[in-house]
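The opening residue of the sequence shown carries number 2 in my numbering; numbering runs sequentially from there.
If you are wondering where the hints come from, they were derived from the structure by calculation, not from laboratory data.
We treat Cβ as the ideally placed atom computed from N, Cα and C, and that holds for glycine.
Please note: incorrect hints may appear among the correct ones.
Cβ pair distances, simulated, as ranges [stated by the list, open to error]:
#1 E140 <-> R634: 49 to 59 Å
#2 S687 <-> S546: 27 to 37 Å
#3 Q645 <-> N426: 54 to 64 Å
#4 Q116 <-> I189: 55 to 65 Å
#5 S687 <-> L117: 14 to 24 Å
#6 S191 <-> H503: 50 to 60 Å
#7 M631 <-> F223: 42 to 52 Å
#8 Q116 <-> G82: 48 to 58 Å
#9 K491 <-> N426: 19 to 29 Å
#10 K383 <-> G563: 15 to 25 Å
#11 N165 <-> S687: 50 to 60 Å
Below, a list of computed lysine to aspartate or glutamate pairs in the EDC-like style, where the Cα atoms sit at most 20 Å apart [said to hold, decoys possible]:
#12 K461 <-> D502
#13 K543 <-> E384
#14 K582 <-> D567
#15 K500 <-> D465
#16 K453 <-> E510
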Amino acid sequence: MLYFFTLILGVVIFYVFNAIGTQSSTMQLSSSSREVVKLLINVLSGVSVLVAGILGYLIIYASRFLIKRRNKEFAIYLTLGMSKQKISLLLFLETLFIGIFSLVSGLVIGVFLSQLMSALVASLFEADMSKFQFVFSSEACLKTILYFGVIYFVVIIFNTFMVNKLKIIDLIQSSRKSEKTRLKNPIICSFIFLIAAAALGFAYFEATTNYMKILSNVNLLFLYFAIGAISTFFIFWSLSGLIMRLVTIRKKLYYHGLNSFTFRQISSKINTTVASMTVICIMLFLTICMLSSCLSIREATKKQLAYATPVDVIIKYDNNKTSSHELEDEQDSDDEQDPSNNHSDHSSKTDAQNKKSTEKKPRQPQVLENMDQKEKVEDLIKENPSVWAQLKDQQSVSTYNLSNTFEKRLTLSQVVSNNALKKYNEITQGTGDSSYATLDVLSLTDYNKLAKLYHLDQIKMAEDQYFILADFSKVYPIYNTSLKEGFQIKLDSRILSPKFDHVVEGALEPTSPKSNFGIIVVSDNMIKGLVQQNNYLIANYKANSRKDREQIDQALQKMIVGNTNDFMRFTNNRIYTLKTKSYVISLSVGLQAIATFLGLYLGIIFLISSAAILALKELSESSDNREKYMVLRRLGADEKMIKQALFRQIAIFFSTPLLLAIIHSVFGLTFALNILSYIGTDGLSSSIIMTVVLLAVIYGGYFLLTYFSSKRIISEKQLRRD
2 MLYFFTLILG
12 VVIFYVFNAI
22 GTQSSTMQLS
32 SSSREVVKLL
42 INVLSGVSVL
52 VAGILGYLII
62 YASRFLIKRR
72 NKEFAIYLTL
82 GMSKQKISLL
92 LFLETLFIGI
102 FSLVSGLVIG
112 VFLSQLMSAL
122 VASLFEADMS
132 KFQFVFSSEA
142 CLKTILYFGV
152 IYFVVIIFNT
162 FMVNKLKIID
172 LIQSSRKSEK
182 TRLKNPIICS
192 FIFLIAAAAL
202 GFAYFEATTN
212 YMKILSNVNL
222 LFLYFAIGAI
232 STFFIFWSLS
242 GLIMRLVTIR
252 KKLYYHGLNS
262 FTFRQISSKI
272 NTTVASMTVI
282 CIMLFLTICM
292 LSSCLSIREA
302 TKKQLAYATP
312 VDVIIKYDNN
322 KTSSHELEDE
332 QDSDDEQDPS
342 NNHSDHSSKT
352 DAQNKKSTEK
362 KPRQPQVLEN
372 MDQKEKVEDL
382 IKENPSVWAQ
392 LKDQQSVSTY
402 NLSNTFEKRL
412 TLSQVVSNNA
422 LKKYNEITQG
432 TGDSSYATLD
442 VLSLTDYNKL
452 AKLYHLDQIK
462 MAEDQYFILA
472 DFSKVYPIYN
482 TSLKEGFQIK
492 LDSRILSPKF
502 DHVVEGALEP
512 TSPKSNFGII
522 VVSDNMIKGL
532 VQQNNYLIAN
542 YKANSRKDRE
552 QIDQALQKMI
562 VGNTNDFMRF
572 TNNRIYTLKT
582 KSYVISLSVG
592 LQAIATFLGL
602 YLGIIFLISS
612 AAILALKELS
622 ESSDNREKYM
632 VLRRLGADEK
642 MIKQALFRQI
652 AIFFSTPLLL
662 AIIHSVFGLT
672 FALNILSYIG
682 TDGLSSSIIM
692 TVVLLAVIYG
702 GYFLLTYFSS
712 KRIISEKQLR
722 RD
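Could you put the whole structure together from the sequences, leaning on the hints where they help?
Next up, the structure:
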């Protein structure tokens with residue numbers, strides 16, 4: 002029953018997640034949402050290959066257990082003269098029947114559950130469900146049949162191989178055989194346990210304190226994960242040799258009821274399943290971390306979505322001068338100003354530079370040349386009066402810097418104190434370089450334009466003052482340290498003092514997650530002498546309907562990007578970017594969807610696989626130990642004591658890898674929370690609750706199924722019947 006239940010569950014999950022594409026095709030989605038759904042489908046299709054591999058291993062493992070349980074039956078068949086080929090044929094027909102029945106049952110259940118999944122997809126993408134209809138995904142159905150068909154074919158080959166290895170004498174004596182258990186030296190076990198625990202502690206410490214170093218070097222992540230996995234193996238290995246020694250010291254506990262029998266069984270199981278327990282523990286750890294983190298990402302992006310879309314459209318250009326071009330221009334300027342330079346040398350140098358510049362910057366189409374000649378983005382849009390007329394609340398703002406070249410822009414080290422730079426090194430754990438963190442400059446007038454549009458407070462300040470605009474919370478301590486010290490900045494030979502002793506929260510381009518590292522806001526006169534870096538057009542639409550707004554989006558795309566598929570355009574001199582409200586929402590929702598579905602898909606499969614392997618191992622043990630329970634009855638143990646012993650045994654067997662996985666997860670989730678805090682995640686409490694519920698339902702459900710199935714296997718009635 003448990004095997005059949007697992008097969009159906011696998012088919013249901015596989016179909017439901019692969020049917021998302023067909024379900025979404027019936028919804029009225031925006032064009033940008035459709036692109037995100039396509040990406041989601043591609044991601045899930047790739048993950049389905051991994052899922053099929055995991056389910057394939059699980060089904061083969063279950064088949065091995067079923068064959069093992071039927072050793073006595075196969076011994077009778079062979080004794081009566083049945084050939085191994087006929088036994089293989091029998092198993093083939095059984096596998097075929099079970100496969101077809103589980104596929105049909107799983108697909109029927111999956112078709113109905115996929116309708117609920119479509120409601121979740123519609124909720125995420127805010128799709129119009131008015132024309133929704135009951136959908137059967139033939140593509141998902143065929144993919145499920147194909148993948149599971151391959152799995153069952155491999156199972157048939159495996160069964161044939163297993164049958165060919167059968168020997169009558171081994172089948173007859175199989176009930177009397179047990180897996181070899183080697184006694185382990187408790188001193189060696191204690192020593193290995195301490196080393197493994199120390200290695201695990203080291204991995205925990207590094208993951209929770211030096212997470213920025215791990216983030217900047219992915220190889221460290223794999224290294225600490227490997228240390229954790231190897232340490233987990235040796236913890237289980239050493240525990241299997243220590244359990245009996247620790248329990249026997251407490252005589253009262255050991256000799257109470259059937260505890261002596263229960264603990265010996267547990268010690269023997271862990272001793273013979275160290276590798277399996279390690280894999281299961283790691284899968285449970287990954288399940289807890291994936292589900293908690295992915296659900297947390299969804300909540301964080303959902304909360305920040307309103308902040309990221311205060312207006313309907315933001316269009317900007319960024320001056321795209323390369324460092325080499327700028328340096329050549331500056332060198333040319335220096336030559337002109339230096340009277341000592343020889344005129345002929347200067348002319349030849351200029352000719353060479355012009356030739357080099359021409360080679361590096363090939364002539365672009367006239368339409369792009371015309372775009373680059375416009376001073377402001379709004380000048381581009383005004384060329385199409387019909388599009389401009391559909392906008393309202395238009396505001397044009399610009400940012401400035403010391404130079405257009407990256408190397409000569411205003412850097413963090415120039416605008417904060419030494420104590421603030423120390424704080425920066427603490428936060429980045431030495432992985433950041435303040436000379437690469439650049440900040441743009443915004444005029445006070447332009448800031449107040451934004452403040453009006455973004456519903457922020459208007460600000461007034463003296464000509465020799467400045468304040469810092471940022472919304473990336475990780476940089477607040479850096480700037481606040483400097484601002485509280487009254488740190489003065491030098492801007493093109495002019496000294497400015499801070500207006501506030503804290504960061505002003507906000508952004509020129511609000512994003513989800515919040516990512517404005519910092520903008521220096523100064524009085525209008527201080528802009529003189531600086532180089533314009535970016536120009537923005539920020540506006541709302543007059544239209545309210547989705548269709549009309551999408552038409553405006555596409556019209557702006559054609560004007561700025563040249564097509565309706567992209568949102569960026571590169572020219573020789575500039576980078577143009579278009580951010581519409583619907584596009585930002587689609588990207589944010591896409592991140593939510595990918596995180597949610599990927600976490601659920603892999604998390605549930607890992608959880609089912611872990612629980613099913615434990616369940617099958619326990620059922621196999623119960624089948625092998627039926628005679629031991631018969632002896633207990635003969636020695637006077639009543640049914641209540643036997644059931645309690647069985648329950649404790651299964652409970653400890655299921656909880657051992659789970660407890661260690663939970664310990665791993667405490668530190669794993671601490672690492673994840675540190676990383677996720679950079680995208681604005683406040684905590685993991687709500688997502689952890691959801692994870693606990695899933696664990697209780699699936700893992701707890703398998704535990705109860707295993708207990709009741711094992712109780713039936715060792716029951717006195719079953720033993721008499723056999």
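Status of the hints after comparison with the structure:
{"no.": "1", "hint": "E140 <-> R634: 49 to 59 Å", "in the structure": "55 Å, holds"}
{"no.": "2", "hint": "S687 <-> S546: 27 to 37 Å", "in the structure": "35 Å, holds"}
{"no.": "3", "hint": "Q645 <-> N426: 54 to 64 Å", "in the structure": "59 Å, holds"}
{"no.": "4", "hint": "Q116 <-> I189: 55 to 65 Å", "in the structure": "58 Å, holds"}
{"no.": "5", "hint": "S687 <-> L117: 14 to 24 Å", "in the structure": "21 Å, holds"}
{"no.": "6", "hint": "S191 <-> H503: 50 to 60 Å", "in the structure": "55 Å, holds"}
{"no.": "7", "hint": "M631 <-> F223: 42 to 52 Å", "in the structure": "50 Å, holds"}
{"no.": "8", "hint": "Q116 <-> G82: 48 to 58 Å", "in the structure": "53 Å, holds"}
{"no.": "9", "hint": "K491 <-> N426: 19 to 29 Å", "in the structure": "22 Å, holds"}
{"no.": "10", "hint": "K383 <-> G563: 15 to 25 Å", "in the structure": "18 Å, holds"}
{"no.": "11", "hint": "N165 <-> S687: 50 to 60 Å", "in the structure": "54 Å, holds"}
{"no.": "12", "hint": "K461 <-> D502", "in the structure": "15 Å, holds"}
{"no.": "13", "hint": "K543 <-> E384", "in the structure": "19 Å, holds"}
{"no.": "14", "hint": "K582 <-> D567", "in the structure": "15 Å, holds"}
{"no.": "15", "hint": "K500 <-> D465", "in the structure": "9 Å, holds"}
{"no.": "16", "hint": "K453 <-> E510", "in the structure": "14 Å, holds"}
Checked against the numbered hints above, the structure breaks none of them.
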